[in-house]
Each structure stands twice: as C-alpha cells, then as structure tokens.
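Protein sequences, first through last, are from chains U and H.
Using my numbering, the first residue of the first sequence is number 1, and each one after it goes up by one.
Using my numbering, the first residue of the second sequence is number 1, and each one after it goes up by one.
A hint or two may mislead.
[As the list claims (entries may be wrong)] So the derived label-pair ranges between C-beta atoms look like this: (1) U:64 / H:118: 27 to 33 Å; (2) H:118 / U:128: 26 to 32 Å; (3) U:21 / H:213: 57 to 63 Å; (4) H:59 / U:228: 53 to 59 Å; (5) H:213 / U:19: 58 to 64 Å; (6) H:217 / U:25: 46 to 52 Å; (7) H:69 / U:128: 54 to 60 Å.
[Unchecked claim] The list that follows gives simulated cross-link-like pairs (lysine-lysine, DSS-like), each with its CA atoms no further than 27 Å apart: (8) U:129 / H:220; (9) U:129 / U:104; (10) U:213 / U:233; (11) U:68 / U:15; (12) U:122 / U:104; (13) U:104 / H:220; (14) H:205 / U:119; (15) U:136 / U:122; (16) U:15 / U:233; (17) U:108 / H:205; (18) U:129 / U:119; (19) U:234 / U:15; (20) U:68 / U:104; (21) U:104 / U:136; (22) H:205 / U:122; (23) U:108 / U:122; (24) H:220 / H:205; (25) U:136 / H:220.
Please keep in mind that the hints were generated in silico from the structure rather than gathered at the bench.
Think of the CB as a built atom: it goes at the ideal place given N, C-alpha and C, for glycine as much as any other residue.
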Amino acid sequence: MIEIEHVHKSFGSLKVLDDVSLTVNTGEVLSIIGGSGSGKSTLLMCINGLEPIQGGRILIDGTEVHAKGTDLNALRRNIGIVFQQWNAFPHLTVLENVTLALRKVLKKSRSEAEDIAVKQLKHVGLGDKLTTYPGKLSGGQQQRMAIARALAMSPRYMLFDEVTSALDPQLVGEVLDTMRLLAEEGMTMIVVTHEMQFAREVSDRVAFFNQGKMEEIGPPEQIFDAPHSDNTKKFLANVR
Amino acid sequence: MFNYTFHWRPALNALPQMLEGAVVTLQIAVLSMIIGIAIGVVLAVMQGSRFRVFRGIASAWVEVARNTPALFQIYMAYFGLGQLGIHLDSFVALLAGITFNNAGYLAETFRGGLRAVPRTQVRAARSLGFGAFDAFRLIVMPQMFRAVFHPMTNQMVWAILMTSLGVIVGLNTDLTGVTQELNVRTFRTFEYFAIAAVLYYIIAKIVTLGARGIAWRLFKY
C-alpha cells in the first residue's frame, strides 16, 4: 500500500505539490491526469525518493520514504518506474539492460538473471532483440524494454511517468497494450498519463491534479462523465 | 658545403639496444596513462563536487598541469622533491611528472565527457536500486569513456612523446636515454636520432591503431 499524507513539495519558491493526500491499495491501478506543471510527475519522483519533500510523508508498506535512515536503494527495488524519456542504457544490449540490476543489485547469478530477463523481454514482445543495442530499437521498443527492465526486479509497485508522451502516435498502442496486460495481472500501478481512453478503461480510480493540488479522485466513470470540479470539467473539455 | 658521411651500419647495429629502450618508454607511457586516468576521473568528479575544498584541489591540479611546461613538472618531481628530502629515481620522477600532466589534461577531458551523459541516466539507474557509486561506475563511466576515447588516445601519444624528457633527469634506459648515450659515445647524432624518431613514430602509430581497434571492439552501440 502506498500512503501519501499531506505532501508539500517546492522547487525554490515554486510550489509543485500542495497538501496532496491519497492512498493506493495493493492491486489497484490509479491514473493521474492533469495539465503540465500540475505536479503529477513530481509526485512519482517523490514516491521513490528521487526527489525530497518539504512536508507531509509518504509510506510504502509502512516504510516512510523520506525518513532519515530509510534504505532508499532497498526501497526502490520494490518500486519500478518507467520514465517519459525511455532511458535505455545505450552501452548495454537489450538483455544486459535488464540483467545488470538483477546481477549487481539483487546479486543474482548470470544465468539466473538471464532467465528472468529473457522471460520479461518475451513478455513485452522483445524476445528476438536480446543482443540488439537500444540505439537500434524504435522508441516504442525502447519503452517496452524499460518496462521489462523495471519488471525484472519483481517490484510490488509500478510507476509510469507519461510513458507514451515522447512516442510517435503509431507506437503508443504497443506500449499501452503492455501496460494493460500488466494491470490485468494484478500489478499495483500509478500511471501518470495523457491517454484518457487508457485511463478510463484500465484504471480503478482516476485522480485529477491541477496546480499542485489534487482536485478530485474517483472511479473513471465519475471523473470522466460526471466530474465534480469545474477545473476537471475544463481540463477534460480541452483534451477531448 | 656538405661533407658529412652517413654511417648507418653501426647505428643499425645498436637497434636491439634501442628497442629495449623503446620498451621502457612504452612502460612509462602506459603506467602514466593508467594512473593518470584513475586520478583524472577522481579530479573530474571532484570538480563537480558540492564541497569547495574538493573543487579547489582539483582546479589547482588541472590549472598547474595544463599551464606549465611538462619539462618543469618532471624537473620538480626530481630536483624539487629532492630538495624537500624526497628522492625519487629518475624513472619514478619521470613517471610522476607525466602522470601529473596526464591527470590534469584528462580531468578536463573527463569533465566534458561527464556532461555528455544525460542526468536522466543516473536517475534511471538509481530508480533500479543502484547506489550512487555503482550508478557512476556501471552506467555513467562506460558512456563517458566512449565520449572521451579519442582525446584519451591523443593524450596517450602525447605521454609517449613526453617520456623523451626523461633525459633531463638522467634517465638513460628509455629510448631517448639510450639514443643519447649512443650519441655521446659516437657523435653519429643524425643517424641515431633519425632511427629513434622512426621508432617513436612507429610506437605512436601502433598505439593509435590499437586504440582504434579497441574502440571498435568496445563501442559496438
């Protein structure tokens, strides 16, 4: 369970997250929608401790992320994150991209790591690209590789940060399909996205962020068909 | 106007001796590069440090190494340290001087190389649970080395040529040292130094081509 309690976050004088509270239950898929600069991506960075916070707290299965003495490296093994820029490691093959953390962080043997990696890469449809370098892959393939890399660590949670925003339109589908599959398998996911159709179909709940505040949260039907807040209405009218 | 008779045969007879010198030359150059790269990486990281002391030490090293003659740096390692009671033999003094020079130049090169690696790579590595040091060692450094490989090769060639300065601190086992000894003994200056120059050229060329081969093997992406 991810518990976010009254989180405040600023970059200098700019307030990015303003008293945000929400809970994500195990097995749940939460989509976060909102305009750019609404703080939704920053929230993901705070959840796995890549960004410090100035107030409130975030608990992952009861462990406070920003508490002194929290082993962030250990914590992050349970939280997979996939970024907007796919961030493949260009000097490693597709297979090595996935095995590196398995071997060096989880200390698995080469053969064990490769078994896991091959399984994950097949899962995302890259079973035939093992020895290819990321530079030779399309954006969609690189993004699927990044998903496999995160999944190989068998995380309990997956965070997706606008993973389709930097892709050509014809490549968006393959990445969303991979995520859909993951949701069906019961992975706990927080998905920051601009893909409204995806958010509506796959999420258990949808949260709308506006200027650092969570305006509203609810089941997709409610958020998309009967939003309470005027800002949500305005936002949805613009993206449709 | 020109009554110098070339005597190539005695000079060529000295070739085995000179080749032994070439091996010493290569040893010094390779060692000075290995240690220089290690120190250079540390200096480059120190230059990006939050702590002013580290930045200060690194900048001072880089500034002195790059803006004073290599000859003086070797001189200081031999005679300068000698006056302070630290007596290095000429091999070690030359090695220290060239390593100091290499580290300074390479630190600047590496600093640029580090900029070429996007910060998001570190972020991606940390998010997989890598510690800061492992993220640097496994993700950032290999990419940095690719970006700086060619300037690094230049520095290696430069290091080989700098070893010839060992003669000023009395080194007589490297290629220039051996050549100089033969020269004083026979005064066939042109012949011996021409052969030495060819040997330097060949060593430098082999290093450049070798580096190209290594790059081809290493950087397939």
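Go ahead and decide if the range 53 to 59 Å is satisfied by the Cβ distance of residue 59 of chain H to residue 228 of chain U. holds (58 Å)
Given the proposed pairing of residue 220 of chain H with residue 205 of chain H, does the C-alpha separation stay at or below 27 Å? At roughly 23 Å apart (the allowed maximum being 27 Å), residue 205 of chain H and residue 220 of chain H satisfy the hint.
Beta-carbon spacing of residue 217 of chain H to residue 25 of chain U - inside the hinted bounds 46 to 52 Å or not: holds (51 Å)
Holds or violated: residue 136 of chain U and residue 220 of chain H, Cα atoms, limit 27 Å. holds (11 Å)
For the pair we were handed, residue 129 of chain U and residue 104 of chain U, check the Cα-Cα distance against 27 Å. holds (22 Å)
Check the following: the C-beta atoms of residue 213 of chain H and residue 19 of chain U are separated by a distance inside 58 to 64 Å. Between residue 213 of chain H and residue 19 of chain U, where Cβ atoms are some 60 Å apart, the hint holds.
Pair hint residue 104 of chain U and residue 220 of chain H, alpha-carbon separation not exceeding 27 Å: holds (22 Å)
CA of residue 68 of chain U to CA of residue 104 of chain U, is that 27 Å or under? holds (25 Å)
Taking 27 Å as the top limit, are the C-alpha atoms of residue 205 of chain H and residue 119 of chain U close enough? Since the Cα atoms of residue 205 of chain H and residue 119 of chain U sit roughly 47 Å apart, the hinted pair is violated (cutoff 27 Å).
Verify the proposed pairing of residue 213 of chain U with residue 233 of chain U, using a straight-line Cα cut of 27 Å. The given pair, whose Cα atoms are some 15 Å apart, holds under the 27 Å limit.
Is the Cα-Cα distance between residue 122 of chain U and residue 104 of chain U 27 Å or less? holds (22 Å)
Can you confirm whether the C-alpha distance between residue 104 of chain U and residue 136 of chain U stays at or below 27 Å? Satisfied, since the Cα-Cα distance of roughly 25 Å is no more than 27 Å.
Hints 14, 17, 22, counting from the list given before, are not met by this structure.
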